[in-house]
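Listed here are the chains, written in short residue letters.
2 protein chains.
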Amino acid sequence: MKGNLIIISAPSGTGKTTILKKIMPHLQGLTFSVSHTTRAPRSGEEQGKDYYFVSQDAFLALRDQGGFLEWAEVHGYYYGTSKKEVTDRLNQGIDVFLDIDIQGARQVRKAAPDAISIFICPPSWQEQEKRLTGRGTDSPETIALRLANAKAEMADVNTYDYVVINDDLDSAARMLEAIILAMRAKNRRNLNGEPLCLPTEYS
Amino acid sequence: MKGNLIIISAPSGTGKTTILKKIMPHLQGLTFSVSHTTRAPRSGEEQGKDYYFVSQDAFLALRDQGGFLEWAEVHGYYYGTSKKEVTDRLNQGIDVFLDIDIQGARQVRKAAPDAISIFICPPSWQEQEKRLTGRGTDSPETIALRLANAKAEMADVNTYDYVVINDDLDSAARMLEAIILAMRAKNRRNLNGEPLCLPTEYS
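Line order of the protein sequences matches chains A and B. Oh and the first sequence: position 29 is 28 in numbering that gives the first Met the number 0, straight run, nothing missing. Oh and the second sequence: position 184 is 183 in numbering that gives the first Met the number 0, straight run, nothing missing.
Treat each hint with caution, since some may be false.
Since copy identity is lost for identical chains, a pair holds within one copy or between any two.
Lysine-lysine pairs mimicking BS3-like chemistry, simulated, CA-CA at most 25 Å apart [said to hold, decoys possible]:
#1 K185 / K109
#2 K185 / K150
#3 K185 / K1
#4 K48 / K82
#5 K129 / K150
#6 K129 / K109
#7 K20 / K1
#8 K150 / K48
Calculated from the structure, these hints are not laboratory results. Note that the structure is predicted; figures quoted are calculated from it, not measured.
If we strip away everything but chain A, and leave its shape as in the complex, we get:
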């Protein structure tokens, strides 16, 4: 059975990473896609685990061959999700999470219309601001910018298949896990795209 491609997006500070950390141990056969990047590895980052670290020439060559499901340039560095990386896992029957923003999601939907997409919302802007401030890592200007970006991103929420509101970590995690499980009940197809659970399956 082929794996499913799952796009997951959330405005900064929504708690996406916390939710994902909570559900990953309960779900078998689910991995994150490893992105390509042209930036240098940071301390502790491993080649092929955190990122595929490649030269700009290699990145652009792969991009020009249409080798990326989605790519973007951020602060002078390139980031992208390679088609091969994703396809290989899907063909092994593994579900693949793509943790990408709304621009990336638009590109992936075009290249892979079967992908399901999930948007995680903050419960309110006040709460979102409180969370961003509570981190204590960003200046008021950065927080204001992140909030403005988050509000702009929310305009795209209707293009996502599923919306999870993170008003409570446990409920949001339960909901995200439910979406993954339901997706598996929906897409019961073998590697040739034929539906499973047919009389022929039964002897």
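Position chain B against the provided structure of chain A, taking the given hints into account.
Positioned in the frame of chain A, the structure of chain B alone reads:
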């Protein structure tokens, strides 16, 4: 927010009732539709709770007005799901389960294309036969007939949105619950059909 209409079908002996009993206590805002029938109440059955018990004239009049989402005649009695019964609950934001067979499901899909449908499969025919025999309530002829019917019903499995295989009660219940929760994350619309979780929701 409007409720969701959920069709649930399973060949006889698949364990549908047991699964439903297991998940109902965990899910708020979910009820079974109460059917209309022309058969007489059995001992302990309550009007409006187990069925709406009506005369054949009343049933046929309602049917001829297009008042049923689906109806069928079984052993000389009529059974049907009234549109009003379902619509009233959906408009109160309550999700409604329709426990119906594949013929009923076909009728409902035509009348209510938004309905989601779930088919519960036995893990195998051998196991299905074992379960039907294990009940100790049916003759070998009845069991053979039920099995033949179940095999015929399986041909329709591809018209359902979701397929849950009851190879293990706990996993099947977890999967069914997941489908309901995911459906709620998918259809986040208000009573006017407008998507929820939009920037305007946030103050």
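Outcome of the hint check:
Within a single copy, K185 and K109 get their C-alpha atoms as close as 21 Å, and across copies as close as 20 Å, so both meet the 25 Å cut-off. Taking the closest pair of Cα atoms, K185 and K150 come within 25 Å of each other only across two copies (21 Å); inside a single copy the shortest separation is 32 Å, beyond that limit. For the homomeric pair K185 and K1, the shortest alpha-carbon distances inside one copy (12 Å) and between copies (23 Å) are both at most 25 Å. Taking the shortest Cα distances, K48 and K82 sit within 25 Å of each other inside one copy (17 Å), while across copies they are farther apart (55 Å).
With identical chains, the CA atoms of K129 and K150 are at most 25 Å apart within one copy only, with a shortest distance of 15 Å there and 57 Å across copies. In the homo-oligomer, the alpha carbons of K129 and K109 never lie at most 25 Å apart, since the shortest distance is 35 Å inside one protomer and 48 Å across protomers. Within a single copy, K20 and K1 get their C-alpha atoms as close as 24 Å, which meets the 25 Å cut-off; across copies the closest is 32 Å, which misses it. For the identical chains of this complex, K150 and K48 are neighbours neither inside a copy (32 Å) nor across copies (47 Å), given an alpha-carbon limit of 25 Å.
In summary, the structure is inconsistent with hints 6 and 8 from the numbered list given earlier, while agreeing with the others.
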